[in-house]
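Peer 1: Starting from the structure of chain A, add chain B where the hints point.
There are 2 protein chains.
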Amino acid sequence: MKVLGVVVEYNPFHNGHLYHLKSAKKLVKPDFTIAVMSGNFCQRGEPAIVNKFARAKMALLNGIDVVLEIPTVYALQDAGGFAFGSVGLMHKLGLVTDIVFGSESADISFLEKISKILYENSKEFDYLIKRELKKGLSYPNARKFALQKFLKTDLDTIKKLENSNDILGIEYIKAIFKYNSNIKYHVIKRVGAKYNEQNLSGKFSSATAIRNAIKFEKNIKEYVPESTYLILKDEFEKGRGPVFLENLEQFILSEFRLKARENLENIYGFSEGLDKRFIDSANISTNLKEFIENIKAKRFTFSRIRRLIFHAIFNFEKNYMEFSNKLGPQYARVLGFTTKGQEFLSYAKKKSTIPIITNPSLKNKILKDVLKNSERKWDFNISLYNWQFEKDILASNIYTLFYPNSSQRKSGMDFRKPIIIEG
Amino acid sequence: MKVLGVVVEYNPFHNGHLYHLKSAKKLVKPDFTIAVMSGNFCQRGEPAIVNKFARAKMALLNGIDVVLEIPTVYALQDAGGFAFGSVGLMHKLGLVTDIVFGSESADISFLEKISKILYENSKEFDYLIKRELKKGLSYPNARKFALQKFLKTDLDTIKKLENSNDILGIEYIKAIFKYNSNIKYHVIKRVGAKYNEQNLSGKFSSATAIRNAIKFEKNIKEYVPESTYLILKDEFEKGRGPVFLENLEQFILSEFRLKARENLENIYGFSEGLDKRFIDSANISTNLKEFIENIKAKRFTFSRIRRLIFHAIFNFEKNYMEFSNKLGPQYARVLGFTTKGQEFLSYAKKKSTIPIITNPSLKNKILKDVLKNSERKWDFNISLYNWQFEKDILASNIYTLFYPNSSQRKSGMDFRKPIIIEG
Numbered sequence: 001m002k003v004l005g006v007v008v009e010y011n012p013f014h015n016g017h018l019y020h021l022k023s024a025k026k027l028v029k030p031d032f033t034i035a036v037m038s039g040n041f042c043q044r045g046e047p048a049i050v051n052k053f054a055r056a057k058m059a060l061l062n063g064i065d066v067v068l069e070i071p072t073v074y075a076l077q078d079a080g081g082f083a084f085g086s087v088g089l090m091h092k093l094g095l096v097t098d099i100v101f102g103s104e105s106a107d108i109s110f111l112e113k114i115s116k117i118l119y120e121n122s123k124e125f126d127y128l129i130k131r132e133l134k135k136g137l138s139y140p141n142a143r144k145f146a147l148q149k150f151l152k153t154d155l156d157t158i159k160k161l162e163n164s165n166d167i168l169g170i171e172y173i174k175a176i177f178k179y180n181s182n183i184k185y186h187v188i189k190r191v192g193a194k195y196n197e198q199n200l201s202g203k204f205s206s207a208t209a210i211r212n213a214i215k216f217e218k219n220i221k222e223y224v225p226e227s228t229y230l231i232l233k234d235e236f237e238k239g240r241g242p243v244f245l246e247n248l249e250q251f252i253l254s255e256f257r258l259k260a261r262e263n264l265e266n267i268y269g270f271s272e273g274l275d276k277r278f279i280d281s282a283n284i285s286t287n288l289k290e291f292i293e294n295i296k297a298k299r300f301t302f303s304r305i306r307r308l309i310f311h312a313i314f315n316f317e318k319n320y321m322e323f324s325n326k327l328g329p330q331y332a333r334v335l336g337f338t339t340k341g342q343e344f345l346s347y348a349k350k351k352s353t354i355p356i357i358t359n360p361s362l363k364n365k366i367l368k369d370v371l372k373n374s375e376r377k378w379d380f381n382i383s384l385y386n387w388q389f390e391k392d393i394l395a396s397n398i399y400t401l402f403y404p405n406s407s408q409r410k411s412g413m414d415f416r417k418p419i420i421i422e423g
Numbered sequence: 001m002k003v004l005g006v007v008v009e010y011n012p013f014h015n016g017h018l019y020h021l022k023s024a025k026k027l028v029k030p031d032f033t034i035a036v037m038s039g040n041f042c043q044r045g046e047p048a049i050v051n052k053f054a055r056a057k058m059a060l061l062n063g064i065d066v067v068l069e070i071p072t073v074y075a076l077q078d079a080g081g082f083a084f085g086s087v088g089l090m091h092k093l094g095l096v097t098d099i100v101f102g103s104e105s106a107d108i109s110f111l112e113k114i115s116k117i118l119y120e121n122s123k124e125f126d127y128l129i130k131r132e133l134k135k136g137l138s139y140p141n142a143r144k145f146a147l148q149k150f151l152k153t154d155l156d157t158i159k160k161l162e163n164s165n166d167i168l169g170i171e172y173i174k175a176i177f178k179y180n181s182n183i184k185y186h187v188i189k190r191v192g193a194k195y196n197e198q199n200l201s202g203k204f205s206s207a208t209a210i211r212n213a214i215k216f217e218k219n220i221k222e223y224v225p226e227s228t229y230l231i232l233k234d235e236f237e238k239g240r241g242p243v244f245l246e247n248l249e250q251f252i253l254s255e256f257r258l259k260a261r262e263n264l265e266n267i268y269g270f271s272e273g274l275d276k277r278f279i280d281s282a283n284i285s286t287n288l289k290e291f292i293e294n295i296k297a298k299r300f301t302f303s304r305i306r307r308l309i310f311h312a313i314f315n316f317e318k319n320y321m322e323f324s325n326k327l328g329p330q331y332a333r334v335l336g337f338t339t340k341g342q343e344f345l346s347y348a349k350k351k352s353t354i355p356i357i358t359n360p361s362l363k364n365k366i367l368k369d370v371l372k373n374s375e376r377k378w379d380f381n382i383s384l385y386n387w388q389f390e391k392d393i394l395a396s397n398i399y400t401l402f403y404p405n406s407s408q409r410k411s412g413m414d415f416r417k418p419i420i421i422e423g
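As given, the protein sequences belong to chains A and B, one line each in that order.
With our numbering, letter number 91 in the first sequence gets 91, and the count goes up by one each step, no holes.
With our numbering, letter number 410 in the second sequence gets 410, and the count goes up by one each step, no holes.
Chain A with its partners taken away, still in its complex shape:
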């Protein structure tokens, strides 16, 4: 049985995603295709434009059989943490045979070579990176120069790896090494706009550009499949979107004006004086843009700053995060499936080394049933399972508060049943 896995955010699902999915299927010819997808907050450190169930539905209507949620504690991490969570989810499911990811270079052997070096020499390499970081470089740049020194190569070779998808690709491969997984990996040359491209650029526009267009109330019909268009329309009409980071402006500034440095001491990622920078900035800034710009320094990327906002708000404690980055995801949360996907889930339930949560109201019962099954080589820790899941719930409960329509601002989104689509 061949199972294709893709790591996605679908924020929102657009023509480029559809192209990638179709190409991946052509390449792998899978029996089933599953997506592991960010939940209500994405890796850029922003709330998703519409909630995770709406986005899961887009995926299911466009060729994905099962959508699983990347736990929030991974979705809101840098490329390394994000990849470790995403790949871990697929690996622990026990059935994914192939993953395919987009790549700007599409040079799989070079990506693999770099990944291997990074994986096998992680200690020496960390040291080189730290030396570069001390010069005030951002992490991506520090890594680039460290790599150049390590490989004793020219900068142009390294520059080939500067793009978001290649960076992520390296992390996916590294994660496969870390889990000692048998999953095979393939790349597809990325078409159309760059991941971060701000402006619309024809049929294959970036998700960033599409979200921007939505912000300025432009018609986005030509950039997304019709099903996406209709789902977005429905969500917007019901007042459950669009949700933008800016909607959280006063909330975020309030949070950091209320905090003292000791409140951030125990939060993952607030090293290098970032605690002080965040608090000082909240007090001198009058809006979110200013807030982030006042924190910014050469060595911190904007995405990192945005992600850290949510680390603090959702209380991502250091010890649990480090634990998470050692052990990987503790459950597979099913956001939706097709009738075909249902068949896959029945197989997965027999193989997965982590509990599969289809109905979160039964979360504790699921745990009990799982623990009764002592034959299986389970690969999770109960307290971390509860902690990670609690963060998903918290993230959703905050997310819904920033829906445009106040009557939709209920909590408890996580306790609904998954989306089921015929097909």
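Keep in mind that a hint or two might mislead.
As the list claims (entries may be wrong) - To give an idea of the chain B side of the interface with chain A (calculated C-beta under 7 Å), a few residues:
id	residue
1	Gln250
2	Ser254
3	Arg257
4	Ile279
5	Ser281
6	Asn283
7	Thr286
8	Asn287
9	Ser406
10	Arg409
11	Met413
12	Arg416
Quick caveat, the hints were computed from the structure, so don't treat them as lab data.
Note that the Cβ used here is the ideal one computed from N, Cα and C, for glycine as well.
Peer 2: Using the frame of chain A, we list chain B on its own:
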């Protein structure tokens, strides 16, 4: 030297306030008149309609010589705590000779009698109140029935004391007893609308009604002195108001969705299962009105619930609050003065048993100077002084974030110099 003190919120300063002030002056014939006023948050558990400096200016333009801020930790308490803070401020200043307060009954001897009973029999009386509270009554009602039993009188006599101003009046007198203060107290029959009256009712409309009128963009010219009108107009034009509790809706709901019961364990006032009620309510409510109504039970007043919101947000720790309710205010923060008031302040600086803070940037220097003066019988504690002042700063920094105009949302309002008015 005769010094008249009044306890006020001036939210906003209106015709009724002016009438009260003039009558009080006629009665006392003071050399100076000072007001102790709530800061950016008021006793009803709401942000003030405009900030404390704008409101201080209204006072100074209408016959007050000096405006001092009631520290936030008292302004956001029930009648007892509010009065203890307000009266304490005047008492510790060492110069106030008379206070005058509005009263619905205007029956000073009865108010005094009740106050004495409550003060002298506080233990027995607390026991009686607790017995009534256990029946599920609100605190004001429990006190009413306890009083009836204690005095062995009929309910009609007690009912005379049901009104807000009489309730506060009793607490002012009790506070004078507690501080063993020589301040004389007088009452003036309250004219015009009731304190809580929702609707406009002619020239003497209540502050609540005036704020409501502002909310619905009605003209309020006839209900306030011209100076108030112009100050409000200016503040609104600059986008520094009006500030309503509803503006904080998403922030407040987020705060309580993020909290766990243990986060409220240490906060003053979250007894009787209120911690659970607040958290549960945040999760089932989609707006502030629902949130408060879902917490409400017969034994909790709406004001108490609203005040508790801010106890939690500003982290009013139990131990410091109890300390505050034993020791009284730890400083006299000057929001503004007239040139005449400046003379008063020069006298007060020689008499006050707490530091007088005119320029908060010099807060630490003031403390040093104060401590050098070992002749004076100082009546404050350094750690409580810092704690109380920190809460004022925090309250202001959150307050400004909810200004309508985002470019005005700076923090640090507390570090500006006081308002000075010629006269």
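Peer 1: Does each hint fit the structure? Answer for all of them.
Peer 2: So, going through the hints one by one against the coordinates:
1. Gln250: holds (5 Å)
2. Ser254: holds (5 Å)
3. Arg257: Constraint on B/Arg257 satisfied, holds at 5 Å.
4. Ile279: violated (10 Å)
5. Ser281: At 11 Å from the nearest chain A Cβ, B/Ser281 fails the 7 Å test, so the hint is violated.
6. Asn283: holds (4 Å)
7. Thr286: holds (4 Å)
8. Asn287: holds (5 Å)
9. Ser406: holds (5 Å)
10. Arg409: holds (4 Å)
11. Met413: violated (11 Å)
12. Arg416: This hint is violated: B/Arg416 lies away from chain A, its Cβ roughly 14 Å from the closest one there, beyond 7 Å.
Checked against the numbered hints listed earlier, the structure breaks hints 4, 5, 11, 12; every other hint is satisfied.
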